[in-house]
Amino acid sequence: MAIGLAVLVSARALADEPVSPIEPVETATAQAPPPVEAPPPKPIPEIDERTAYMVGKHTLKLGILAFEYGIMQQLSIGTDPPSWALRAVTSVLVPNVHLKLQILDRDPVAVAVLAAGYYASVSKSNFSGNVFNVPLSVFVSVKVHPRITLHAEGAYVYSQVFGTGDITQATLDGATVLRTGQVGLMVQYRLTRIFSLTATGRYQFYAADLPLSGSSTLDPYTTATLNGQFVPGVQHPWEAIGGVAILWHYVHLILGAGYGYYFLPGIDIANTKKTVVPDASIAVVL
Amino acid sequence: MKSRRCGFVPHGTALLLAALALGCGPGTVTLPTPPMEAETAALVMTYQMPAGNLDTSNINQVLSDAQTRLAQLNLDWLPDLLSNALTQLRTRLDAAGLPDDPTTMPDTRKAQLTAVVTVTRICAGWSDPAGPPDQATNGSVEVTAIADTGKLNPEIWGTATSCLARFPPAGSTGTVASATSTVVNATLNGTLIFYSLGPLPSDPSDAQLLVVFSGSLGAGSQVGSASFDFEISKSVVRFRVPVASGGDAIVTVGTTLGIQGANAGFSCDLTTLTCQQTS
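Going down the list, the protein sequences come from chains A and B.
Numbering (numbering that gives the first Met the number 0) for the first sequence: 0 to 285.
Numbering (numbering that gives the first Met the number 0) for the second sequence: 0 to 278.
It is worth saying that the hints were derived from the structure and are not from the lab.
Be aware that one or more of the hints could be misleading.
If we take Cβ atoms under 7 Å as the criterion, some of the chain B residues that face chain A in the derived model are [as the list claims (entries may be wrong)]: (1) 87; (2) 102; (3) 103; (4) 116; (5) 121; (6) 165; (7) 204; (8) 207; (9) 233; (10) 237; (11) 241.
Each pair of labels, with its calculated beta carbon distance range [as the list claims (entries may be wrong)]: (12) A:89 / B:219: 56 to 62 Å; (13) B:31 / A:98: 39 to 45 Å; (14) B:201 / A:224: 56 to 62 Å.
We treat Cβ as the ideally placed atom computed from N, Cα and C, and that holds for glycine.
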């Protein structure tokens, strides 16, 4: 107010009276307040399961589908609890570990690779051996619209059976281990910062036969050899799932349901018959 | 805000290559084509529907031919030997989870095995000496079966290589067509084709198969070349005899010989060498 009055008085003096250049004039200086800086927008949480996005540096995620720890922003290590949990209902223990590496992150595209290893020791009446399952996945996430992100996946699942005895009995609770190629696509439509609708599809486009070879002695007079391969019963299993993703800061919740051949999460082995496919994941992010 | 960083990390590729390099193992098997597949299938049909016409004017000749063929078949030991080999084969197939019945259709929803199974049985020899089997001295019988996507091919084939066997084996009795209680020192050398007419036998007496043989066989020093086929169905043996006017008649071995043609059937007494029409 004082500053305004001073300016007004000075202006009138300039208009009504001749200006004496030497006459001292009372002045005052004014300074605008610094502009209030808007707070940075909260980061939009990303789905980091089966996408090219990462859990984050030094971030620990404890979920029902995966335990994940971010060693670096671009590198995380984890394990799948469901495979460990198989031990509770079967005689098979499946230790497993996976590494995820983000190799490109240039908006709007991110690319990551994931290599996992699953091991099972199979012991049956006439077979004792080991099964190794190595899924290798490439994830590409593309923000095609501020609210829409496409998450594409290409996966190659490699399996190998080692053992002695009747190798043809080396099945893992009915689901035969095979080498497969799979593609997946998730469409994520973000309604709010934390709430998204998702539509997910997965298709196994390639399934190689699993070669087997073995010999046995039936009695001192009789030996037998077997050479062959397992041929998958369902060559091209698929699944389609609709769901929601709610990504709070500390809790990530994904729920959905669909139909098709259920793919075991992580290990990527498809069920052999079509059923309702559940999709549920909850994780605490620390 | 997500960091905006760009860069390809070379060891990502290395991880991928390292994992792929784990891929070492046996290659996939291409199934062999069974020998004389079409001819064997046609032979099965011949046994089901013989084409030779029989009447009182030719039945005696057919009976005579049947007696000659019966002597070649060595039924006192050959069916036992072959049925035992197939029993061993079934044991192996069962252990592998493979079907043992060619008429069984696999569950197409499950992974199925395509495989070649070969069973080699060293013959025991005439004296069945103690100690490990001696293949060089006593020979062997090798049979091969194939399963295509979980379905057993009915044709099984094999080779007998200078197989020497004693029948009945020490401590056992013959189970199929044991026409004699005397000990037979048998020799078998040649090619064999089996066509399974039912499940592979878990017991030799359950065998249901057509046998096609070409080679040499005999008992003791009486070894000669022969080429014949016969059918075993639960210890009942049938064989084929050509009819002069064309086609074949099927002879069933029992206390009498049953001879079945396309138009008529006869029952022939081997003692009196007389035949009576039965159908």
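Hint check results:
no.	hint	result
1	87	5 Å, holds
2	102	20 Å, violated
3	103	15 Å, violated
4	116	5 Å, holds
5	121	5 Å, holds
6	165	13 Å, violated
7	204	19 Å, violated
8	207	22 Å, violated
9	233	24 Å, violated
10	237	28 Å, violated
11	241	37 Å, violated
12	A:89 / B:219: 56 to 62 Å	59 Å, holds
13	B:31 / A:98: 39 to 45 Å	44 Å, holds
14	B:201 / A:224: 56 to 62 Å	21 Å, violated
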